[in-house]
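Construct the entire structure; sequences and hints are all you get.
Number of protein chains: 2
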Amino acid sequence: MSQEQLVNIVTKIVMEKMQQDDDILIPIGVSNRHIHLSREDLDFLFGPGYELTKIKDLKQPGQFAAQEVVTIQGPKGSLEKVRILGPLRNETQIEVSLTDGFKLGVKAPIRESGKLEGTPGIKIIGPKGSVETSKGTIAALRHIHMDPQTAQKLDLKDKDIVDVEVKGERKGILGNVLVRVSDKYVLEMHVDTDEANACCLKNGDLVKISRK
Amino acid sequence: MSQEQLVNIVTKIVMEKMQQDDDILIPIGVSNRHIHLSREDLDFLFGPGYELTKIKDLKQPGQFAAQEVVTIQGPKGSLEKVRILGPLRNETQIEVSLTDGFKLGVKAPIRESGKLEGTPGIKIIGPKGSVETSKGTIAALRHIHMDPQTAQKLDLKDKDIVDVEVKGERKGILGNVLVRVSDKYVLEMHVDTDEANACCLKNGDLVKISRK
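Line order of the protein sequences matches chains A and B.
Position 131 (the first sequence) corresponds to 429 in our numbering; numbering is contiguous.
Position 55 (the second sequence) corresponds to 353 in our numbering; numbering is contiguous.
Worth flagging that the hints you see were computed from the coordinates, not collected in a lab.
Don't take each hint at face value.
Identical copies carry no separate label here, and so any pair may be met within one copy or between two of them.
What the hints assert, rightly or not - Cut-off 16 Å, straight-line C-alpha distance, at most; resulting in silico cross-link-like pairs (EDC-like, lysine to aspartate or glutamate):
#1 K433 x E338
#2 K506 x D321
#3 K405 x E467
#4 K469 x E378
#5 K457 x E486
#6 K451 x D321
#7 K401 x E378
#8 K506 x E410
#9 K500 x E467
#10 K500 x E378
#11 K465 x D355
#12 K379 x D445
#13 K457 x E410
Structure follows, in structure tokens:
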């Protein structure tokens, strides 16, 4: 193969790759600290049989922000007005940023949603009672919710790990981003407030996958 | 040139480049919110002719953390025990994270130290009085302090902008990093708490320049 032929082949592949990536931009969703509750813990905090009041649908189908908020308290401090997200789950999960963790005095590990084994507990205070959880406090692993059609276009599958390129004043690349694929999902990348502020990202900003 | 020759040349250049970069690791310094005061503002806050009490030398020669702290107050909230760093400067400068800015209700622009034109003011409260500054609140532009010898090895000069690679659980690349070169500096990269938490970086963690 001649040098020219080699250059032409490489150029073609790179151009195709860039074209492909340019087609799919991923909107950002910034997750402020929030909490998912089990039926049991909701009963403790708000009274037996209590039902959450939806105030806003979230972008992911079926998920919503509730009117109800709680206080979470760690050994060093507490955070008030922590929003409850619905619907109820099998296990209570408290999602905070590492900045929040310093204020609370709780070392929240970076975890995928639902992987709560060995995570620290926290005190949750509601209007009718309080709960001391034995686990469930995490800093969410940054992740992308993706529908199967988009996953196919990007040649990605559920649980792949990708790098994501961020443009702008605090541009850069976020590595170790988990891809979750389901027909229940809408394309959206979730970052916490530390990640959003470190990259000057706001809700609806667009990012793209830079490497699979 | 044959394909083999081309591959050999590229391999040699890449290996040399990797070798060069591997030689120089940059320690991280995480900057929590802090304040630099002018003589005039120190007088207002602590009384005429007041002198700061050094409690700890910082890594950059001549810079120190003072015993004295102040409260800063914005339209939405306040932050207590904000550390004063010495020595005094010509202009008062308040360095916060974007997370802090949301709490205060102050939109701190991302700025290089000393570039305070058009930045928002804030109320500073000391034990003997308070000051309402007309400007000076910034989120520090991430930057690397570098001695001239290191700059020469890395083929960098003052005010260059580089990308920095971060390893670990929240790995990635921080772009738009300002390089400041002076024989008064010791090699150190400064990030704020948002950036540190977004990347799981602690004081003394090592990063390296990935692209000039």
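Violations among the numbered hints, reported as their numbers in ascending order: 4, 8, 10, 11, 12
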